[in-house]
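Please build the complete structure, drawing on both the sequences and the hints.
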Amino acid sequence: LPRGAGCQPQTARCSKLAGMAMLAISLSLATTPSVEIDCGSGMTVEAAGCGMDAQVMGVPDGTSWEDGCKRCNEALALKGVFDPCGGSGRCALPTDRFGRTTYGVWLKAHSAPSPPPSPPPPSPPPSPPPSPP
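Residue numbers (the numbering used here): 12 to 144.
Calculated directly from the structure, the hints in this document are not laboratory data.
Here the structure is a predicted model, which is why all the values come from computation and not from measurement.
Ideal Cβ positions, reconstructed from N, Cα and C, are used throughout, including at glycine.
Everything hinted at is true.
The following label-pair restraints were derived from C-beta to C-beta distances:
| # | residue 1 | residue 2 | range |
| --- | --- | --- | --- |
| 1 | Y114 | V46 | 20 to 28 Å |
| 2 | A58 | P136 | 46 to 54 Å |
| 3 | P131 | P105 | 41 to 49 Å |
| 4 | P143 | A123 | 54 to 62 Å |
| 5 | E57 | P137 | 56 to 64 Å |
| 6 | S129 | L89 | 28 to 36 Å |
| 7 | S129 | G51 | 37 to 45 Å |
| 8 | S129 | V46 | 29 to 37 Å |
| 9 | A88 | G115 | 18 to 26 Å |
| 10 | L104 | A58 | 13 to 21 Å |
| 11 | G91 | P132 | 34 to 42 Å |
| 12 | D64 | P135 | 45 to 53 Å |
Next up, the structure:
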């Protein structure tokens, strides 16, 4: 708990509050659904398809992140996951604000193309000529 939150370190009240906070966090993490999509060799992504931006998890030991991501991309492309968005995804290594590569590799894909525009509505029929008075 943050300092000044009505809790002094090493007190029973503080320990109880901290324990309850940890329990709430644990329960929320345990109930959050997670879907993993298999992309071969024990690798998974949490989302696959057009517009995806997901970290490739489980890259095998001895395999570079880039090679693992390429294999995952190929496996998903063979399943047809990227057909609506151009045929394949791309791999990206994240960087920090100084341009240094950080941990992990992400598989990204373009969004699905927009549908063609709808045709304009039909023109209304011409008005009949006015009647003579």
